[in-house]
Each structure stands twice: as C-alpha cells, then as structure tokens.
Amino acid sequence: MSRRPESERSDWTDLDLLTRDEAYGRLQEEIGLTVRRLAELGAGDEAERELLDTRLRALREAAEDLNVR
Amino acid sequence: MPLQPWMKLLSTDDHLIEPPRLWTDRLPAKYRDAGPRIVEQARGEGQAPAEVWNYEGRIYPYIGLNAVAGKSPEEFGLEPTRYDEMIPGCYDPKARLRDMDLDGVWGALCFPSFPRFAGTIFLDGQDRRLALLCVQAWNDFVMDEWCATAPGRLIPLVILPLWDVDACAAEIRRTAAKGAKAISFPENPVPLGLPSFHTDHWDPVFTAAEETDMPLCLHFGTSGAAPKTAPEAPFAVTITLFATNSMYAAADLLFSPVLHNHPRLKIGLSEGGIGWIPYLLERADGTWERHRFYQNVNQTVRPSDLFHKHFHGCFIDDRFGVEVRHHIGVDKITWECDYPHSDSYWPKSRAYAAEVLADVPDDEVHKIVELNTRRLYNLDA
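So the protein lines, in turn, are chains A and B.
Just so you know, my numbering puts 27 at position 27 of the first sequence, and the rest follows in order with no gaps.
Just so you know, my numbering puts 30 at position 30 of the second sequence, and the rest follows in order with no gaps.
Calculated directly from the structure, the hints in this document are not laboratory data.
Fair warning: there could be bad hints in the mix.
Unchecked claim - Label-pair restraints from in silico Cβ distances: (1) P263/B to N67/A: 45 to 55 Å; (2) E61/A to H198/B: 52 to 62 Å; (3) A47/A to E211/B: 42 to 52 Å; (4) Q28/A to E232/B: 35 to 45 Å; (5) P28/B to E61/A: 38 to 48 Å; (6) V35/A to V237/B: 53 to 63 Å; (7) D363/B to E46/A: 28 to 38 Å; (8) L41/A to D363/B: 26 to 36 Å; (9) E48/A to D331/B: 26 to 36 Å; (10) E50/A to A358/B: 19 to 29 Å; (11) H198/B to E29/A: 29 to 39 Å; (12) N67/A to D33/B: 36 to 46 Å; (13) A358/B to L33/A: 13 to 23 Å; (14) D127/B to N67/A: 40 to 50 Å.
Said to hold, decoys possible - Chain B residues, not near chain A, derived (Cβ > 10 Å throughout): (15) E85; (16) P88; (17) C90; (18) D101; (19) V237; (20) A251; (21) F293; (22) N298; (23) H341; (24) S342; (25) P347; (26) V356; (27) L371; (28) R375.
Glycine is no exception: its CB is placed at the ideal position from the N, C-alpha and C atoms.
Could you build all of it, start to finish, from the sequences and the hints given here?
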C-alpha cells in the first residue's frame, strides 16, 4: 500500500469549499437580482410574483443565518 | 425555456463533510480513540484552534477538502479550519436540503471528504479491523442518517475497504440490501499501491456491482495522482488538466478485460466533464483499428461501442460538451452541481443549467438533468 505523506496525496486538492463569506455574498447578489426582477413585474404577473416573493424570503433567511455565528 | 419547472435536477456529483461524531458515535468503544475523531490544534495567537481529524494518532489537517472558509478564493490552500467556519449545508443534511431548495436542485449524490472521494484514507489504517469498521460506519452514516433525512433526494453512495477485495464485494452486497445506489471507486488503483484494471484482482467487486446494478463512480483525483507538469508550475495547470484523469480512466478500462468480462458493469466518470469524450473515442477507435493485432486487447469490440454501453459522464458547465452531445450520446450525460465546492453555481445552479441547456430540445434536457440519472442509478420517480 502507498505510504506517501499526506501532502503528496491529491484527490481533494482540486477544489476549495464555498466559504461562509462567499456564500453570503452570493446570496446577497441573488437577493438583489430577485428584488430587481420583482420590480420589473407587471400587474398581470401574480403567479411569478408569488414565486419570486417566496424565493426572496428563503434567500433572506439563508443570508441572515450565515451572517450570524 | 427547455429546462421546464417540472424537471427535477439530480446532481451526480456533490460532496458532504463528515460531522465530528460520525465515527465516535458508531465505532465499538475499544476503537473510539483510534478511529477518526476531531481534535483541536492551535492556529496561532488570536485565532480559534483548528479542528482536525486524528486517525490512529495521525493528524489529517483538514476537515473538508482543502477548506478555506473565511478566505477569499485567491488565498485558498491546504489549511485547517473549523466547522463553525463552514456553511452548515456541508455537514448538516437538513441545511443541505434547504440549500438544494434555494438552488433549484432536487437530488444529490454526495462523495466523502475526510475519507477522500473513494474512501482511500482507510488504506492508511494500521488496524485493518478498525479500517473496515470505519468504512462501514461511513456507509451507515450516509444511509441511516444523511440520506434518511430525505429519501429520494439524498442519494446513497458508498465506499469500500479497498485493501480486501472479498470484503469489498461483501460491503457492496451489504449496502445494496440497505438501499445504496452507487459505489465510489478509484479512477486508477495503481498509484494507490493496488492492482490495476488489467488484472483479475477486482473481478469480485465488478461482479457484485453488476449483481446489485450499482454504477462504479470514478471521481477524478481518486487515484491520488493529479496532473502535474512541473514542481514550479502554477496550480492552474493542474486544474486545467483535471479532466485528463477521467480520460486516463476511460482509456484504461476500454483497453482492459474489465468491460468484456463484466457486460453489465456501469461506470460513471464523476466531475470529469464531457467535451473530451468524442475526441478520446475517435482516438481509441483509431488506435484499436491500427494497433490491436499485436497487443493483448480485445479483437472484436470497438472501444467506442464499449464506451457507449458502459460509461456515463457529467458536467457542470461544459458548453462544448453540450454542443457535441450527440457524439457522446444524450443517454450517457448527467448533470452535476458540485455543491459545496466553490466552483458550483449555488444558489443559482438551476438558472445556470437553464442557460447552458437553452438550445437543447426539452426531451434531451429532461434526460440530461433527471431521467438518465434515474435510469443509471435506479432512482424511482
């Protein structure tokens, strides 16, 4: 069996984890985008508005949780 | 919009970070100290101690990939970290589901982190009995806790005790009976000090995989050998070339006896992208046409026919692969998210998939994002 030291093993050195800060930033960006899309909706877009409102609430909750440790 | 709201995105390549008590909660009392457990390690003045894995006294200085929580992408490196620096969706299945909902993703197949993507960390084990219990504990955690949180959404993938081929076969059958759907296996066992695909060593594993109809998922990097051109070459070279590991694995298997001896074996190439597949198959067929006569390779079946029968691939953002999908085979393409790695598009994976697949007919999109995965991994609708 291989006995090479850890530093020379590599199957996860490919990618880094999404950090809390990066995840929070992405959520903020998505929140901004969703708010803009909501503002662009017209009076006849109630179904779309409901979907976006639900998404906006979920995004804000997730961002709030990440912002509090 | 080809990606319709009713299509359920199923990711064939995501990852989980093992919670701190995964092994201490499951190992017999006499093994708890030697088995993997989280210990604290000083990180310098003013910093909270790092949380690292201790396994048989060896310290593994990372709890999730080369986790870099709190740092900018430019600063990532092999540094220890803490659970409270990670997003909870890494290790908490309920938080994972919420993140999947935000992302518009229905289902996810999750590879390990501390055990490495194919469980090869346990090859390090000095105590083979403990190592086997550790493998079984990870598999039981995945099936009884992680995936049990949302059956049908979190898809159980298992790892194997790779030092003992009969134990591997037994673990495949044990976990299949508990509902496992896929097996993580090294893309090439040789760099790990294990026999190659060109021997009959792994036949009991392949037979068990056939009998249980579970795909072997070869995640790139699981050989432990990353593409590297020079010690001083920037990591960008390695990242750019990662998919070549999947090319190596495909070529290796296509010219091995494995697929001829195991006609029902399914092989998933995890995280390797798909755009390279048509080139490799053309090259492999050309090689077979010209050079098969004087080599110990199968003389009757073209490599591309074998590939189309046995393999499937996946992609996150391989636009060229999507463009040449008919050369690959639409039935052989699955979608992946790669959460919680930073190259995932979370929380807009669904929107991004819709963009990448915008020019693909609806029925093909449905196959790629959902139906192929259901068929290959035996997932009920």
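Here is what the structure says about each hint:
1. P263/B to N67/A: 45 to 55 Å: holds (54 Å)
2. E61/A to H198/B: 52 to 62 Å: holds (53 Å)
3. A47/A to E211/B: 42 to 52 Å: The hinted range 42 to 52 Å holds for A47/A and E211/B, with Cβ atoms some 48 Å apart.
4. Q28/A to E232/B: 35 to 45 Å: holds (38 Å)
5. P28/B to E61/A: 38 to 48 Å: holds (41 Å)
6. V35/A to V237/B: 53 to 63 Å: violated (41 Å)
7. D363/B to E46/A: 28 to 38 Å: Holds, at about 30 Å.
8. L41/A to D363/B: 26 to 36 Å: holds (30 Å)
9. E48/A to D331/B: 26 to 36 Å: Roughly 34 Å apart at Cβ, these two residues keep to the hinted range, so it holds.
10. E50/A to A358/B: 19 to 29 Å: holds (25 Å)
11. H198/B to E29/A: 29 to 39 Å: About 49 Å separates the Cβ atoms of H198/B and E29/A, which means 29 to 39 Å is violated.
12. N67/A to D33/B: 36 to 46 Å: Since N67/A and D33/B have Cβ atoms about 38 Å apart, the given range 36 to 46 Å holds.
13. A358/B to L33/A: 13 to 23 Å: holds (18 Å)
14. D127/B to N67/A: 40 to 50 Å: Since the Cβ atoms of D127/B and N67/A sit about 44 Å apart, the hinted range of 40 to 50 Å holds.
15. E85: violated (6 Å)
16. P88: violated (8 Å)
17. C90: violated (7 Å)
18. D101: Violated, because the least Cβ-Cβ distance between D101/B and chain A comes to about 7 Å, which does not exceed 10 Å.
19. V237: holds (13 Å)
20. A251: A251/B clear of chain A: closest Cβ-Cβ about 19 Å, beyond 10 Å.
21. F293: Correct as stated: the minimum Cβ-Cβ distance to chain A is 36 Å, above 10 Å.
22. N298: The assertion about N298/B holds, with a minimum of 30 Å to chain A.
23. H341: violated (4 Å)
24. S342: violated (5 Å)
25. P347: violated (5 Å)
26. V356: Answer for V356/B: holds, closest chain A Cβ roughly 18 Å.
27. L371: With a cut-off of 10 Å, L371/B remains clear of chain A, as the shortest Cβ separation is near 24 Å.
28. R375: The claim stands: R375/B keeps its Cβ more than 10 Å from every Cβ of chain A (closest is about 28 Å).
Hints 6, 11, 15, 16, 17, 18, 23, 24 and 25, counting from the list given before, are not met by this structure.
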